[in-house]
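Given only the sequences and the hints, what does the whole structure look like? Please build it.
Chains as they are written, first to last, in our numbering: chain A, 145 to 559; chain E, 28 to 493; chain P, 1207 to 1731.
There may be inaccurate statements among the hints.
[Stated by the list, open to error] In the DMTMM-like style, the derived pairs of lysine to aspartate or glutamate whose C-alpha atoms are separated by at most 25 Å in a straight line are:
{"hint": "1", "chain 1": "P", "residue 1": "1620", "chain 2": "E", "residue 2": "137"}
{"hint": "2", "chain 1": "P", "residue 1": "1673", "chain 2": "E", "residue 2": "137"}
{"hint": "3", "chain 1": "E", "residue 1": "155", "chain 2": "E", "residue 2": "217"}
{"hint": "4", "chain 1": "A", "residue 1": "388", "chain 2": "E", "residue 2": "461"}
{"hint": "5", "chain 1": "P", "residue 1": "1651", "chain 2": "P", "residue 2": "1707"}
Worth flagging that the hints you see were computed from the coordinates, not collected in a lab.
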Amino acid sequence: MNVSHPAQAEPLAQRLAELRGATPQRSLDARALAALAANPGCRRRALLDAAGVDKAAVAQQLGRPAPFGQSPFAIARGNVFEARLKSDGYAALLGPLRRLLGLPPEGGTPPAVPDLLSRATPAVRAERTREVLAAAAADPTGWTLLDHPMLRLTVAGSQAYLEPDAVVVHGGRCTVVEIKSFPVLDGSADPAKVGAAARQAAVYVLALQETAARLAGREPAADPYAVDELPGSPALTVLLVCPKDFSNLPTAEAVDIRRELATTRRQLARLTRIEQLLDTLPPGTTFDLDPDTSGAPGRPAEELAAAVAAVPAAYGPDCLAACELSFHCRDQARCADSVEQLGRGVRGELGSIRTVTRALAAAEGTAPAGAGSTGPDTDGGSSTGPDGDEATDEAAARLAYAAALRAEALGRPVR
Amino acid sequence: MNSAMTAHQPNGPGTAGPAPDSPGAAADAAVAAILAAAVRPRPGAPRGVVVDSPPGAGKSTLVVRAARELVAAGERLMVVAQTNSQVDDLVDRLAAKGPDLTIGRLHASDARPAPEALRHGNVTASGKVGDLLEQDVVISTAAKWQWVKDVDPWRHAIVDEAYQMRSDALLAVARLFERALFVGDPGQLDPFTVVGTEQWAGLSYDPSSSAVVTLLAHNPTIRPHRLPVSWRLPSTAAPLISSAFYPYTPFRSGTGEGERLLTAAVRPDGSAVDAAIDEAAEHGWALLELPARHTVRTDPQAVAAVAATVRRLLDRGLAARSEQGTTPLTASRIAVGTAHRDQAAAVRAALTALGVPVDQAAGPAVTVDTANRLQGREYDVTVVLHPLSGRPDATAFHLETGRLCVLASRHRHACIVVARAGIAELLDEHPSAEPVQLGVAVKFPDGWEANHAVLAHLAEHRIRLG
Amino acid sequence: MSLLTTLARLEAVRSGRAEPLATVRHRHLSERPMVLVPLATAGEDGAPLAVLLGTERAAPKLLLVPQPLNRTQRFEFLADFAAELLPYLDSFAGEVEQVEGSEKDPETGEKIPVLRELCADAPQLIVPNSGAVRHLALLGRSTRFRRTAEDPDPGPYPAPTRVPLLGRWLTHLTDRAQVPGSSLLLPMTGLLARHWATGQSHLEDQHLAAQLAWHFPPDGWTGARAAERAETGRGEDGRLLHPPAGPVTDPRFDTLVLAPAITRHDAALAALRQAAPGEQARAELHLKQAHERLHGALESELLPTWRDLWQGLDLLRALPPAAHLTERWEGDRWSYTGHRDRLAAGEPPQPRRDDAVTAARKLAQREREQARLDIQEALDDPLAMAGHRLAGEAFSGTVTAVELEYDTSGRSAKPRPLLTLATPDRPHADPGREVHRAGAASAQKAEIVAAAPGEVTVRVLSGMGRKREPEPGSLPEVGERVVFTLFELTARQSAPLPEPDDTPWTHGGPPGADRTPPTGPEDWE
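This is the structure in structure tokens:
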């Protein structure tokens, strides 16, 4: 259907703002950008994230709130750890950094820690960070530590503001420092958490590459394996700072983020396809929660559900740990009888069979297509119906064979 | 956007860099340096010499030369390979190239060596190492060497396919030699295990990692040598394989444009299969693309397309002309590569139904095997069932860089890839939330990037079927 | 996931109930298991918060850390935990049997017979999930190096001797849990998932209550609905109807219940310290009340999981034990006995990380045990064998013909009979391929002669005795059902590895000084 309306001429940002309506915008932070890679096939998530829709609030209103939350104990521990790092003039950070950069352990002056105007608006802070970065990159010998700088990244035509924990500038190059409160125990850490930290850091590195290129008046390199040598260019190894073993003492580990950087570039490039997604929406679609003066949502759940349903999702059980809307999407997948509710992996064996009912019908030899295909215990004549196709029959035949084996083993009557 | 390709072409073969010397001269220089290090080590040199060899870069030739020179220098040596067929191949080659060598083939009691290995007069086979100690060269698998005891260590060893050897296997056999030459292809499939090994991740001696990774971590003075020229891959394939799979260690083809020719005696019949064969004959690559759909692994239509392609390759009387002369393209010069064993079985069945021989024991036949078993093999033409064809989801197994690298680098002339449309979209939607282990070097290239680079190149040689 | 498992899950979606994945029980269950539900402090994986444990269903014991950040309280908790767990672990050490083995004489190299002690039974810990196993491993790591008053340098915070001992046992048990098929320490989610399929994914099965919900949905409810309530259902007070099985707590519980209770306890403790002599009794009462409150809060959070674990055991105990369980449990008994002996011999605690040889040995053991487990499960359970049949690695059929033939190439003729089987299976078997007969009286090899759809012919090569005619009963008869596998039916031995002191140059040489346990500053602070 080709609906032409004036929205097509509107800039992307404005169209996205309309989707969000009066609900406050959730800004696209590094964590959200990194999460794009978790399920890039999901158009629903891509669109809602791009529009800055508060998915948790939407899920709440749809009646299946996300079970995520942070314990006060975890927050307290994170804060204590970060405060500890900053004490003593960031001494805990500098030792590991020197090692990483191959510099002698002692000597030199303590780092400059410029004021980055932490109370200003993001735009002002970003401008300030840019200036400080340019000045620091021009100093070949000194150390500059940017504590919570503000970086800008162009995402699908609009500006996202990103706030790394720290960036250290030395010798004309900078290094992203990511502070996490999970422990490094005997030199190893939870790989899932390190992976998430690496993806998040890769977003900062990308933003710093863009900044350095702008400062040099150039376009950032497109090659995923390229290393920029511009003043202020970020190293492609970041420093992950975590508590050591069971203590509160920091330890720092170098993490190569080239792979994550390539992934992030790829995912951000895809975000431009948001416009195509927008074009497929029925006119007037909005995820506005219609908040009243107290901020409580007034949008009827059915209406909101219909709007959400207008954007296809790619649900898989791994969404449950990563996306606020996942319980809603799971319910939809169950209602739709789709086989993905059992995991993405099951589809590999089911070919083009997409529903539980069809799979079970095939297993029982009552599938509409290719109904004549054989179970192992029938007499082997393979007849393909007029609509049947070989590839589906193959999956159906395997299912029927599996069902016969299962019935035999369980002592159930074999069909 | 095929970024990996374009980005690396400046450093790639042929286009840039001061390369006044011919491929032959560059390769000779590399080989001479390796032999000097392995056969005549200077005092204080590291005990290991590592050679990274891209596909078809003369690894086997190097092993044979090194063995002969070591023996000529008065040494006896042991050779470690990873599978029985690799050992038999090596024995066959060494015995043929070095009729003056005495060769011992050490084998397990329940695994008789292949007849090709035993046909030479200078080969002695035994299940007991004690019977073979007088031989110049004793060859066996790592698995068998691990059980050898009560022998004096050899002064020299050659470890072949060292990147496919697991660290724990090296741990068990390293007591048998004083120094060793490790030769292998870092771009092929990594060793694996079916049990959990997370607790050792990041350890330099992680028993499930590759033997070479452990060796290099503990012997930082070893600088790997590199064979810079692929003699197997034609000029149409080397740049792609180099940039897609070896982004930081480029290599080039030993032959130039037009030096390898594939010609058909029989004109095309107008079918897509024939068009794909002609495309591959002219450009070295063809993508025979079936309509998009999700299928089971043994996609009957894709399997049929593979079988039909092989049948037509044989029927059309192809001739392969190369620097080694012109030979007819016979069944034994063709291989079909798949990701899974059941796919190979389905292709074999389909080929048998078309009257194509697939049983090697019964005479010349087309090889149909999985990537794992095709490692180290070479053919004139390969037909590959793309690991991602028809899949609703890409898994780490199907994206593994080494798998695609093996499948796409077995040919001297041409490679025809059979796949369903939709792989690009599948790659696009693949979640990439890989865990990261501290202290484990990231392996490059990423499977996604490599797959994408190959696919982008194949798209230029697409023939649609149906 | 195999297609058979997928099929069972599909069936469970339709029936709304868990569906069987096994016809027998594939893991040993102790008659007296120690059931254990540990909780960790949010944001600090290695910091214990509480544990509910016991060997009697009606008498769980709760231990807790009133203030998780307080080092002294944490140490007290670990000492209490050790005092509860160690007597249970020790209770299996006394009763032993003598087993004949052989050992190599270090001087002559000859094998000489020796008698070795093997404990008659071994302990078994049942925990909710794999997270609990990881948490216990962290506790083991954090306590096994603790210095005690008996150390030459006890440090500022010496622990009771039983604390490092607890650490060494937890390290041993969690390490053993990595061995496929072992049963000294078992997570209930894994146990249930091995035996039943639910209509949800294996990720969702990690939630113990959600997985169990598929076994016991309320009347008229589907498993999916019951599972969703277990995952997300909350009461009026905002707390989950069914608390998570740990070791991570529900953040809302932390906010609404735990944090206030801890604050109250902290305040009561502080008040007691500052109390004037006359107010001592009142302050003590306040502290007691605050402690009871905390105790009650954690108990109510843990008891539902406690009940789930016992309910899971009920389910599993109703399954008949698999034939090879005793054999595998003997491996666990050896593991337990071995650790008992190492402790008795005064060996140092397990190092932080394995050396090269130890790591390789453990990997070899796990691979060997995985192979053994796969084989034994297939032999014990037709449903497991069905998976191999579906994969083309085995075939089952009815014997339609037995044809006696002989190999006359040697000095005496040997029987080489041909068996023809009618089978629906399609083994990936080319002629000449070696196959093995499952369930034969003695190991029996054969080779494929011909395989066509519906019929396979094999030539039997062994397992028929030494005479010219096959031993009676060594061959199946016409009409008998037989199963052949393409895989061997005994796991291969692992190749020998060097001693750690003989670690070769390729692996960094013998492990040196870093093998001694760390004696630096305490990890805790």
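Consistency of the hints with the structure:
no.: 1; hint: 1620/P <-> 137/E; verdict: holds (19 Å)
no.: 2; hint: 1673/P <-> 137/E; verdict: holds (23 Å)
no.: 3; hint: 155/E <-> 217/E; verdict: violated (30 Å)
no.: 4; hint: 388/A <-> 461/E; verdict: holds (23 Å)
no.: 5; hint: 1651/P <-> 1707/P; verdict: violated (41 Å)
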